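Q: So the sequences go chain by chain: A and B. Okay, so the first sequence: first residue is 1 according to my numbering, each after it adds one. Okay, so the second sequence: first residue is 112 according to my numbering, each after it adds one.
These aren't lab readings, by the way, just hints derived from the structure by calculation. Any given hint might turn out to be false.
Restricting the straight-line Cα-Cα distance to at most 16 Å, the calculated cross-link-like pairs of lysine to aspartate or glutamate (EDC-like) are [to be verified]:
#, chain 1, residue 1, chain 2, residue 2
1, A, 42, B, 149
2, A, 37, A, 84
3, A, 42, B, 215
4, A, 68, A, 39
5, A, 68, A, 31
6, A, 37, A, 49
7, A, 103, B, 170
8, A, 103, B, 149
9, A, 103, A, 15
10, A, 42, A, 15
11, A, 37, B, 215
Keep in mind it's a predicted model, so treat the numbers as computed, not measured.
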Amino acid sequence: GESVGLHLPTLSVQEGDNSIINCAYSNSASDYFIWYKQESGKGPQFIIDIRSNMDKRQGQRVTVLLNKTVKHLSLQIAATQPGDSAVYFCARTPAGTALIFGKGTTLSVSS
Amino acid sequence: NAGVTQTPKFRILKIGQSMTLQCTQDMNHNYMYWYRQDPGMGLKLIYYSVGAGITDKGEVPNGYNVSRSTTEDFPLRLELAAPSQTSVYFCASGERHQPQHFGDGTRLSIL
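Please model the complete structure; the sequences and the hints are all you need to start from.
A: Shown next as structure tokens:
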């Protein structure tokens, strides 16, 4: 069946390093792929999305890469800061239906 | 703008009781969603709505009901609370099938 998953449940980095959070998906029929950040006790916060016909999209300190050949999505965070510590979810929108979330990666940033 | 507002923030129910989780948004979004998040897991879609008067089931609709009489409000009702419904519930809204704004959640315990 359809699934959206992440390779690693946790990722620990030093402040100032670049972080890469990965996600794999099993079904190709998607309109959008999205990354969310969830801080403790809060709802998910939209970070960035990418349409399925794109390979790369950049935002402020974040870049999302989509490799449709291997069905892989990644979120790169440049110069990671303590405030980036959170759980990160990838999600995708199958064509015409609502979002499917992966399980999440916990990013811990130490100073 | 307040964004997406959920009430209550916390609630404890006894098995068999009923309650309504309230959700309202002030961004005039057509799309609204209810998700539940179990500990350490991603979000699972319960119900969604693409506009006033239209609702559809998500992945885990059993035991829940929704209505969408206005663009702003999307209440979620539990008719006969069960321990398996202990979870954190998130409401979200967006301009298409990508929830962009989430509320801060309702933490529900059923004992």
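Q: Work down the list of hints and note, for each, if the structure agrees.
A: Hint by hint, here is what the structure shows:
1. A/42 <-> B/149: holds, 14 Å
2. A/37 <-> A/84: It holds: about 9 Å lies between the C-alpha atoms, which stays within 16 Å.
3. A/42 <-> B/215: Roughly 5 Å between the alpha carbons, so the hint for residue 42 of chain A and residue 215 of chain B holds.
4. A/68 <-> A/39: Not OK: residue 68 of chain A and residue 39 of chain A at ~29 Å, beyond 16 Å, violated.
5. A/68 <-> A/31: holds, 12 Å
6. A/37 <-> A/49: Holds, because 12 Å separates the two Cα atoms, which is no more than 16 Å.
7. A/103 <-> B/170: At roughly 15 Å apart (the allowed maximum being 16 Å), residue 170 of chain B and residue 103 of chain A satisfy the hint.
8. A/103 <-> B/149: holds, 10 Å
9. A/103 <-> A/15: violated, 24 Å
10. A/42 <-> A/15: The given pair, whose Cα atoms are some 23 Å apart, is violated under the 16 Å limit.
11. A/37 <-> B/215: holds, 13 Å
Of the numbered hints stated above, those contradicted by the structure are hints 4, 9 and 10, listed in ascending order.
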